[in-house]
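K.L.:
Residue-level listing of the chains:
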Amino acid sequence: MSHPRNPGTPLDCTSFVRVNRPAAERRAATLVARRSLKGAHQAAWLLNAIACMDLTTLAGDDTPDRVRRLCAKARRPLADEIVAALGLEEMPKTGAVCVYPTLVAPAVAALAGSGIPVASVATGFPAGLMPLELRLAEIRYAVDQGAQEIDIVITRAHVLGGDWAALYDEIAAMRAACGPAHLKAILATGDLVTLSNVYAASVVAMQAGADFIKTSTGKEGVNATLPVGLTMCRAIRDYRAATGHIVGFKPAGGMKTAKDALNWQILMREELGRDWLRPDLFRLGASSMLADIERQLSHHVTGRYAAHHRLALA
Amino acid sequence: MPSLSEILATMEYGPAPESESLARDWLARGPFGHFINGAFTAPGALFDTTNPARNEVLAQVTQGTEQDIAAAVAAARAAFPAWSGLPGAARARYLYAIARQIQKRERLFAVLEALDNGKPLREARDGDIPLAVRHFYHHAGWAELLAEEFPGQRPHGVCGQIIPWNFPLLMLAWKIAPALAAGNTVVLKPAEYTPLSALLFAEICTEAGLPAGVVNIVTGDGATGAALVAHPGVDKIAFTGSTAVGREIRRATAGTAKALTLELGGKSPLLVFADADLDAAVEGVVDAIWFNQGEVCCAGARLLVAEAVAAPFAAKLRARMDGLRLGDPLDKSTDIGAIVHPRQLARIRDLVAQGVAAGGVLYQGQGREGCFHPPSVILEVSPANPCFTEEIFGPVATLTTFRTPQEAVELANNTRYGLAASIWSENLTVAMDMAAHIRAGVIWINATNLFDANAPFGGMRESGFGREGARAGMLAYLRPLDAPAPHAGPAPVLALPQPVAITGIDRTHKLYIGGAQKRADSGQSYSVRRGDVLAGHAPLGSRKDIRNAVEAAHKASNWARMSGHARAQVLYFLGENLAARAAALEEFAPKPEVEAAIARAFYYAAWADKHDGRVQDTQSGHITLALQEPFGVMGLICPEEAPLLACLSLVLPAIALGNRVVAVCAQSNPLPALELAQVFACSDLPGGVVNLVSGPKADLAQTLAAHEDVAALWCAAPELVAMAERKSAANLKPVWAVPDALGQGRDFLAASVQTKTVWVPYGA
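Protein chains in written order, with this note's numbering: chain A, 1 to 314; chain B, 1 to 764.
Everything labelled a hint here was simulated from the structure, so no lab data went into it.
Mixed in with the good hints there might be a few duds.
[Unchecked claim] Cβ pair distances, simulated, as ranges:
hint: 1; chain 1: B; residue 1: Gly621; chain 2: A; residue 2: Ala157; range: 26 to 36 Å
hint: 2; chain 1: A; residue 1: Glu90; chain 2: B; residue 2: Gly621; range: 46 to 56 Å
hint: 3; chain 1: B; residue 1: Ala274; chain 2: A; residue 2: Glu90; range: 51 to 61 Å
From the three backbone atoms N, C-alpha and C, an ideal C-beta is built for every residue, glycine too.
Sequences are here, hints too, so could you generate the full structure?
P.N.:
The following block contains the structure:
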């Protein structure tokens, strides 16, 4: 962590912005068309995406063995021959592994010595419609199990009802429950629908002390989209300009391709700058994206299009 | 090439150049001649066309001579009967084939455009080329539907078209597609700096099987363009370029009966209100002034920002400028390419220096050696700063603050130009109010530089006249089938007392100005004779009366804001009062003429609330309105025939749609028109809406034609058209040579309005 944690600020709703959706969509569409990455630069940016990836499994049929398999892929995300051909001195690793609270312990054990942190969802993920005390208890449980990062979900009703104080108090309490673990606030933007809601929820989450703001659980009808990401990045930028505090960003859900990995990084670079391409300020929450990145890197080093079945499953 | 770990440390983008090998292969076909009558001529006297980004010669092209122009016009003339005689559906297939052929060569076109102009390949690839293709598809449709949708219209014949260097292929498409769809044939001169894509287009015409002579392309400089304008065999001139050259063309074509449309310069405002999405507005500025190096006629060059958000907006803007990448146009990560030519670069630098000398504070993004100019904004610019008024045609915006919406409009309209405006506010109520009050042909709300073949594009004021795109654009390439009526000139003005006695009770006619009857400023009258009989005296108006009449007309601006229904009530009442005074009017005009005049009032009363605009089908998620706005203050030059009916035939359509008019009455017999003053006065017509001046018609018409605060002129006196067109160049007001001043109908209504296209993107 190269920057101090966001301490939060008192609630202040005057800084909300009405976001113009067509303009945001235009910018999102042209932003990725304005930048192109070829050859070694594309390979480097894909490697960076791996370093920023929260390799994730959040399914009802998750088991300790399934989580251990994922952790093995987090430690060795690329085949040895690709790593060698790229001329890397050591095997890359993902930014984190993200699991349900009851699977934190096997993940922590599987990642021992790797330096890869375990992130846990909490607070009644994905809907969050549980009594606050139970949600806070769940955070404390996950931290106790060894999670270094907690991905909480917000109560969407507070946003849809405009009850900003309730939203602020809830997230502030969760931040307190996290203790030293970092809090990523999942806004579930697919449920918030309007970009103005997304902006307001981003601001309140940051004021309440979130270390990261995150788009989606992966379970909403619409997950991470570039216009939503653009809106959240601008909120982070405005919050920093107003307070000096630095907050990270995590898009999650629906991102499956290496092209997605490049596009989201271009968004970060253009809207927030180079610092937001480091894992302490940027994470990609994804399950299947790594496989496509590995295929693209394989193609980069061999010149041949790769087959999934020749590369290790996550 | 840096290593992976070095790239990972910096996370730079790295080079991403587009291949230029195919374009180089094509360039090897040079040196190029002209494309005349379906074939390339042998190269003549050659000049270089260069790649400004690398200061290298790309190819040599031929300097077009008068003989070349004559050959091209002759080819176009020869091709015209067969081409215009084809069924629209047959022409549609050629246009469709051209669209398809351009698509098949889209990358070659994009690379050639980037090389020749210096624009980023990405913009050529994603903007110029697809839009050019869209124009040919759209106009294939108009060719198909021509007979059905434009009855009573015919093509002009041979169109001379002169296009600029900023969007070479796209401007070609805007010119050629509607001309061919309407059945015209074409001689096009591409810009001296950027002739290559037009020559490639010539090959496309051959591939599409276009008949020889329908499209002719002659390369060259301004002298070649002047020869095209001057050629007597050209029926219409369409020009896109600078206002200065547009003025020259207006003077050169005056009185030649050549139709003319001009798409000229601009100094378009971009308004940012306190409730705007500021980050979105900053991107709007990027699209407005750093698109195509700011070499865009409708560039949003004047940023007008609410004082309440000026500081945060400027901070966001500076941060955004720091991220703009200036560089190799062929690199796909380049935002801003090269300036088209060192001469243009020198002009930009000179204007920026003037702006700074006048107190502006300059902020610039990344620069680069060579023919490049960094993205720039000049802060603290007042309207007195030359950079507020002069078109820079480079990546330079100015920033000025405003306090209230009213002041924003005042600043926005404080310009000779009227091409475009961009308005940023999350309050649509306010934004639409701005759109209504800003004098510009295209208005974008919460967007900038949106274009579509079905959205009319063109200017007001000194940004020119005529529209390109959509139905409105087709009208620029068509004219009515009817022939003009025969005409007699006026009797001389006799200002000295005549040795003839007046019969009956003396009547004193005065000028009608600002709703009151006024004596002529000269203090003189002249004799009006009917044969040998002295019918009365008319006031001898002069230039000062014209001045007063125009001022009175401007004060009556509320007329334009009334609903069409409210204006209709006045016109119906006028018709009723004309009928009530029919007997008195018959002392001045024959009974059938009086009856026709009464009918005309009812006719235009009927139209007052029905000459609707349109909602154009452009892009999904956008409402695109084509509003029909009155010009404002118009000048009307009446003919000598039927002085009562002719005067009303000109006045009524113009005022029905919201204009205020200054009419110069028939010189030989102004009395019937002046007699109307009493009818206007008792018909609830607000003072200043109609102003009537009599006297030496040529002098009065000249003052009106040259008046810089008159927005449009109708001339129903054929002997004065040449003069009026020449003098109109002062403020580039459109001049309509009225073919039949005793007629009525849609042509009069169409000439009473100008299209204002308003784009409103929406999305929750």
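K.L.:
It remains to establish, for every hint, whether it holds in the given structure.
P.N.:
Verification of the supplied hints:
no. : hint                              : in the structure
1   : B:Gly621 <-> A:Ala157: 26 to 36 Å : holds, 29 Å
2   : A:Glu90 <-> B:Gly621: 46 to 56 Å  : holds, 48 Å
3   : B:Ala274 <-> A:Glu90: 51 to 61 Å  : holds, 53 Å
Consistency note: the structure conflicts with none of the earlier hints.
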